[in-house]
Amino acid sequence: MRKKAAFLVVGLWLPCLGLGACSPALASSSSYPSALYYLFDTTISINLYDGTASVLAEIGDYLTGFSALTDGFTRPPSGATTLYTVNHTNAEITVPDELAQVLTFALTMQQATDGYLDPLIGNLAVDWKYALGFEDKTDLLESEDKTVAPSVLSPSVISADLAEMRSSTLTVVGDQVTRTGNATVDLGALAKGYALRKVQTILEEAGVSSYFVDAGSSSMIMGKKLSGDGTWRIGFNVGEGKANPAILTAIDTAMGTSSVTEQGAVIDGQTYSHLINPFTGSALASDVLASAVGADPGIDDAMSTCFFLMGETLAKTYAAKLGLGYCFYDGTTFSYSSNLEVTLNS
Amino acid sequence: MIYYVWPQQTTSVEATIYHQGAELYDLDLSKETVERTFVVEGTHTPLTVGVKKNAIAILKSGCPNQYCVEEGWVSDPHRSLICAYNDIYIFLEGASSMDVIAG
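So the sequence lines, in the order shown, correspond to chains A and B. For the first sequence, the residue numbers in the numbering used here are 13 to 358. For the second sequence, the residue numbers in the numbering used here are 3 to 105.
Worth flagging that the hints you see were computed from the coordinates, not collected in a lab. Glycine included, each C-beta is placed from N, C-alpha and C at the ideal position. Don't take each hint at face value.
[To be verified] Calculated lysine-lysine pairs in the BS3-like style (CA-CA distance at most 25 angstroms, straight line): (1) B:33 <-> B:54; (2) A:254 <-> B:55; (3) B:55 <-> A:141; (4) A:237 <-> A:210; (5) A:254 <-> B:33; (6) A:236 <-> A:210; (7) B:62 <-> B:33; (8) B:33 <-> B:55.
[Unchecked claim] Examples of chain A residues lying across from chain B (beta carbon under 8 angstroms, computed): (9) 50; (10) 216; (11) 220; (12) 249; (13) 252; (14) 273.
Using the sequences and the hints, build the whole thing.
The structure is reproduced here in structure tokens:
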């Protein structure tokens, strides 16, 4: 299914190269400018309560193009350079400015997190996805094959992938990108959040102050709600049929959330997720959910992944260093930083 | 006598079913009194959709990966069911104590 969705994205993008903007939404509402898109392998909900259709279209165009640009798995049209191109050459190449900037951001976050975010985790992440059954290895285009029963990735594969990561490099100088070695770049930890940075800019420049953009329930930006005191009430998905543990009240901010609820597998009583520790290669999850709250959705997206991998004790120090709020849920206890307004559900 | 109280977060749920961006059904799930099913034509295969009070599910689909079927019954507002293979998207909305759900 993933390849089919990726093909759909490129198929929509192709005419955009020559004709300019075109970004068909999945659905739209007539009461205020809103649209739903399927990009970055997830649904993106855009609601502009005091915006216009033209602003909505601009956002849709941008997200469609950026999703294709940062897709490391889909071959782009001839002549186009995307993350796929970076992942399939060891030569120094010239990339579009936006791709160079997001790669630079990824390298910056790698430094800021002391390696908890590693953009060269691509092969290891894919191997875990196949092992856990999140991706069907035979589903290249359309296949009758069903999902694979989840299994733990073998230590030998983990070791090999980690060795490749250690012996590979990614360098960005201006718009020149060089990837050495066999490890591939995966921007899944921050691409959606980084894209929402640009969406914030579009909204600010258009004077839109009441909006909510939800990218896969994992990256969000929000302005002011038109009703009440303008704050949004954000719950947390901790599993089908499980009660929401808390409500976060927020306004004019952004948020990133990483969790096992949508992409998790239980094997022999232990939960594995799509969030991979770049030091150990492990996909074992010790928490259910971790969120980062702060003004920059790119940092929030990256840090929610890192918070999840670090665990609460270590995450607190990075949250303080970066001026972020955080939430954690370990299956029993919901904890959060004192700079957030949270109401626990009893 | 023991009372079990399940947190009541939603009073009514509405589901809208789209195919390739076109709205097919707009359902008030709070008015469903019995569980029923109906067939929706997807791009490649038909899907069997089940509805019951404040919940909806894709019970059967001809898609290769079956992710949409494995989601099971969904009742949380702001959730969605997606069969990308068949371009079928089901979005839920409802009166809730929350505006959105993260995670």
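How the hints compare with the structure:
no., hint, result
1, B:33 <-> B:54, "holds, 9 angstroms"
2, A:254 <-> B:55, "holds, 18 angstroms"
3, B:55 <-> A:141, "violated, 35 angstroms"
4, A:237 <-> A:210, "holds, 21 angstroms"
5, A:254 <-> B:33, "holds, 24 angstroms"
6, A:236 <-> A:210, "holds, 18 angstroms"
7, B:62 <-> B:33, "holds, 23 angstroms"
8, B:33 <-> B:55, "holds, 7 angstroms"
9, 50, "holds, 6 angstroms"
10, 216, "violated, 21 angstroms"
11, 220, "violated, 17 angstroms"
12, 249, "holds, 4 angstroms"
13, 252, "holds, 7 angstroms"
14, 273, "holds, 6 angstroms"
Figure legend: structure checked against the earlier numbered hints; hints not met, in rising order: 3, 10 and 11.
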